[in-house]
Amino acid sequence: MNWENPSEFFAMGGHGLYVWASFGLLTLFILIEVLVVRKRRKDLIHRLKRLTQARAKMVEKE
Amino acid sequence: MTSKQNEKKSNSWLKFSSTRNFYPLAGKMTPWFMGLAIALMLVGLYMTFFVVPPDYQQGNSYRIMYIHVPAAWMSMLIYLLMALYAGIYFVLNVKLADMMAGGLAVTGAIFTVIALWTGSMWGKPTWGAWWVWDARLTSELLLLFLYLGYISLRAAIDDPNRAAKASGLLALVGVVNVPIIYFSVTWWNTLHQGASITTNKTSMATEMFVTLLVMVFAFWMYTIAIVLMRVRNEIIERERDTSWLVEELGKEK
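The listed protein sequences correspond, in order, to chains A and B. Using our numbering, you'd call the opening residue of the first sequence number 1 and step up by one each time. Using our numbering, you'd call the opening residue of the second sequence number 1001 and step up by one each time.
It is worth saying that the hints were derived from the structure and are not from the lab. Hints are not guaranteed to be accurate.
With a straight-line Cα cutoff of 25 Å, these simulated DMTMM-like cross-link-like pairs (lysine to aspartate or glutamate) come out [what the hints assert, rightly or not]: (1) A:57 to B:1237; (2) A:39 to B:1252; (3) B:1095 to A:33; (4) A:61 to B:1241; (5) B:1095 to A:43; (6) A:42 to B:1055; (7) A:49 to B:1237; (8) B:1028 to A:33; (9) A:49 to B:1239; (10) A:39 to B:1134; (11) A:42 to B:1159; (12) A:42 to B:1134; (13) A:57 to B:1247; (14) A:39 to B:1241; (15) B:1095 to B:1158; (16) B:1028 to B:1237; (17) A:49 to B:1159; (18) A:49 to B:1247; (19) A:42 to B:1247; (20) A:57 to B:1241; (21) A:39 to B:1158; (22) A:42 to B:1252; (23) A:57 to B:1248; (24) A:49 to B:1248; (25) A:57 to B:1252; (26) A:57 to B:1239; (27) A:42 to B:1207; (28) A:39 to B:1239; (29) A:49 to B:1158; (30) A:39 to B:1237; (31) A:39 to B:1248; (32) A:49 to B:1252; (33) B:1028 to A:43; (34) A:42 to B:1241; (35) B:1124 to A:43.
Simulated coverage check for chain B against chain A, where a stretch passes if three residues somewhere in it have a Cβ under 8 Å from a Cβ of chain A [what the hints assert, rightly or not]: (36) 1054 to 1067; (37) 1107 to 1113; (38) 1146 to 1152; (39) 1221 to 1231; (40) 1235 to 1241.
Quantities reported herein were computed from a predicted structural model and do not represent experimental measurements. Every residue gets a Cβ at the ideal spot worked out from N, C-alpha and C, and that includes glycine.
Isolated chain A (complex conformation):
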């Protein structure tokens, strides 16, 4: 085991800032990327639904 206690783990032998800034940005970017792609899917499907409904209405009128 590398660490005696949690504070030793977070300190990373004095290099905590560099290590956590690296792993932190990776985590942040991956989370944002997944959320953005999922949000886009939702928006696209929502838009398509409204488009289909609008078309159905137009057909009804005709």
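Go by the hints and put chain B onto chain A.
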């Protein structure tokens, strides 16, 4: 069955190059790749912090390597793949190939930023500098600009076919930068250290090598999953006027 469907059946090897067949297949594969990515990432992070010992010279800052190296590899491999798909688009004129290229670009750019950022975070305690204009770092920065140029070019052109051609050309021209990045540490005398892993021997202990490998696979699985998700979005966007898509979306709900 219509004649169009018959035609599709006859050339089965091209089957998944049509968006219609690709869309549901990609949807089925995505959760598996994402699941694998999460599992591998957790194992990789555990090994990074709790299994591998600190470096005898650099202490604990070298643990950044376990994300820096995979991110840097991915940044180059994704670019090669993007250029390959751009090439396929030009030769076979398959729009799915262009969608794949476009879907890869954002993830490639993200991994490039991560490679540069983690390199900076590792460089400061190791070299005493956040950044140096050395061949490896400069060519990796150029890679980021190539990705950003590619992404903005696609976004700037409304017509999908013209966007595909213009951005595809940029992707193909920019590919010369990838071998420059890769061989920069051997071609020039740089501050950046040489390759940790080469084909004939490994300058690493087995557990370190395995940890790095797990992380590389985690990044690969993640890339496949997120790119499939993004390409599916692109298909919804571009095929919104087709009835098969409405049917497909109805099935998914």
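For each hint, the structure was consulted:
Of the pairs offered as hints, the one joining residue 57 (chain A) and residue 1237 (chain B) holds, with about 22 Å between alpha carbons and a cut-off of 25 Å not exceeded. Restraint check for residue 39 (chain A) and residue 1252 (chain B): the C-alpha separation of about 16 Å stays at or below 25 Å, so the hint holds. Of the supplied pair hints, the one linking residue 1095 (chain B) and residue 33 (chain A) holds, its CA atoms being roughly 24 Å apart against a limit of 25 Å. With a CA separation close to 20 Å, the supplied pair residue 61 (chain A) and residue 1241 (chain B) stays within the 25 Å bound.
Taking the CA atoms of residue 1095 (chain B) and residue 43 (chain A), the gap is about 23 Å. The hint holds against a cut of 25 Å. Only pairs whose Cα atoms come within 25 Å are accepted, and residue 42 (chain A) paired with residue 1055 (chain B) is rejected, the gap being roughly 46 Å. Distance check on the hinted pair: residue 49 (chain A) and residue 1237 (chain B) sit about 12 Å apart at the alpha-carbon level, within 25 Å; holds. For the suggested pair residue 1028 (chain B) and residue 33 (chain A), the alpha carbons sit about 20 Å apart, so the restraint of at most 25 Å is met.
For the suggested pair residue 49 (chain A) and residue 1239 (chain B), the alpha carbons sit about 13 Å apart, so the restraint of at most 25 Å is met. Among the hinted pairs, residue 39 (chain A) with residue 1134 (chain B) is inconsistent with the structure: their alpha-carbon atoms are about 39 Å apart, more than 25 Å. As the CA atoms of residue 42 (chain A) and residue 1159 (chain B) are separated by approximately 24 Å, the hinted pair is consistent with the 25 Å bound. Of the pairs offered as hints, the one joining residue 42 (chain A) and residue 1134 (chain B) is violated, with about 44 Å between alpha carbons and a cut-off of 25 Å exceeded.
The suggested pairing of residue 57 (chain A) with residue 1247 (chain B) holds, with an alpha-carbon distance near 19 Å, which does not exceed 25 Å. Simply put, residue 39 (chain A) and residue 1241 (chain B) have alpha-carbon atoms about 21 Å apart, close enough for the 25 Å limit, and the pair holds. For the hint linking residue 1095 (chain B) to residue 1158 (chain B), the alpha-carbon distance of about 15 Å falls within 25 Å, and the restraint holds. Distance check on the hinted pair: residue 1028 (chain B) and residue 1237 (chain B) sit about 19 Å apart at the alpha-carbon level, within 25 Å; holds.
At most 25 Å may separate the alpha-carbon atoms for a hinted pair to count; residue 49 (chain A) and residue 1159 (chain B) meet this at roughly 23 Å. Only pairs whose Cα atoms come within 25 Å are accepted, and residue 49 (chain A) paired with residue 1247 (chain B) is accepted, the gap being roughly 12 Å. Our distance criterion of 25 Å between C-alpha atoms is met by residue 42 (chain A) and residue 1247 (chain B), whose separation comes to about 16 Å. Our distance criterion of 25 Å between C-alpha atoms is met by residue 57 (chain A) and residue 1241 (chain B), whose separation comes to about 16 Å.
Of the pairs offered as hints, the one joining residue 39 (chain A) and residue 1158 (chain B) holds, with about 22 Å between alpha carbons and a cut-off of 25 Å not exceeded. With a CA separation close to 13 Å, the supplied pair residue 42 (chain A) and residue 1252 (chain B) stays within the 25 Å bound. Proximity of residue 57 (chain A) to residue 1248 (chain B) is assessed by CA-CA distance (about 22 Å); at most 25 Å being required, the pair is judged to hold. A distance of roughly 13 Å separates the Cα atoms of residue 49 (chain A) and residue 1248 (chain B); the hinted pair therefore holds under the 25 Å criterion.
A distance of roughly 24 Å separates the Cα atoms of residue 57 (chain A) and residue 1252 (chain B); the hinted pair therefore holds under the 25 Å criterion. In summary, the hint linking residue 57 (chain A) to residue 1239 (chain B) is supported, as the alpha carbons are separated by about 21 Å, within the 25 Å threshold. Restraint check: the Cα-Cα separation between residue 42 (chain A) and residue 1207 (chain B) comes to about 42 Å, which exceeds 25 Å; the hinted pair is violated. For the suggested pair residue 39 (chain A) and residue 1239 (chain B), the alpha carbons sit about 19 Å apart, so the restraint of at most 25 Å is met.
Our distance criterion of 25 Å between C-alpha atoms is met by residue 49 (chain A) and residue 1158 (chain B), whose separation comes to about 23 Å. For the hint pairing residue 39 (chain A) with residue 1237 (chain B), the CA-to-CA distance comes to about 14 Å; that is within 25 Å, so the pair holds. Distance check on the hinted pair: residue 39 (chain A) and residue 1248 (chain B) sit about 19 Å apart at the alpha-carbon level, within 25 Å; holds. Our distance criterion of 25 Å between C-alpha atoms is met by residue 49 (chain A) and residue 1252 (chain B), whose separation comes to about 14 Å.
Note on residue 1028 (chain B) and residue 43 (chain A): the hinted pairing holds, with a Cα-Cα distance of about 21 Å set against a maximum of 25 Å. The suggested pairing of residue 42 (chain A) with residue 1241 (chain B) holds, with an alpha-carbon distance near 17 Å, which does not exceed 25 Å. Simply put, residue 1124 (chain B) and residue 43 (chain A) have alpha-carbon atoms about 42 Å apart, too far for the 25 Å limit, and the pair is violated. Check result for the segment 1054 to 1067 of chain B against chain A: holds, 7 residues qualifying (beta carbon to beta carbon below 8 Å, three or more required).
Chain A is given as covering the segment 1107 to 1113 of chain B, and this holds because 3 residues of the stretch bring a CB closer than 8 Å to a CB of that chain, at least three being needed. For the segment 1146 to 1152 of chain B, the stated coverage by chain A is violated: 0 residues have a C-beta nearer than 8 Å to a C-beta of that chain, whereas at least 3 were required. Under a criterion of three residues with beta carbons nearer than 8 Å to beta carbons of chain A, the stated coverage of the segment 1221 to 1231 of chain B is upheld, 4 such residues being counted. Under a criterion of three residues with beta carbons nearer than 8 Å to beta carbons of chain A, the stated coverage of the segment 1235 to 1241 of chain B is upheld, 3 such residues being counted.
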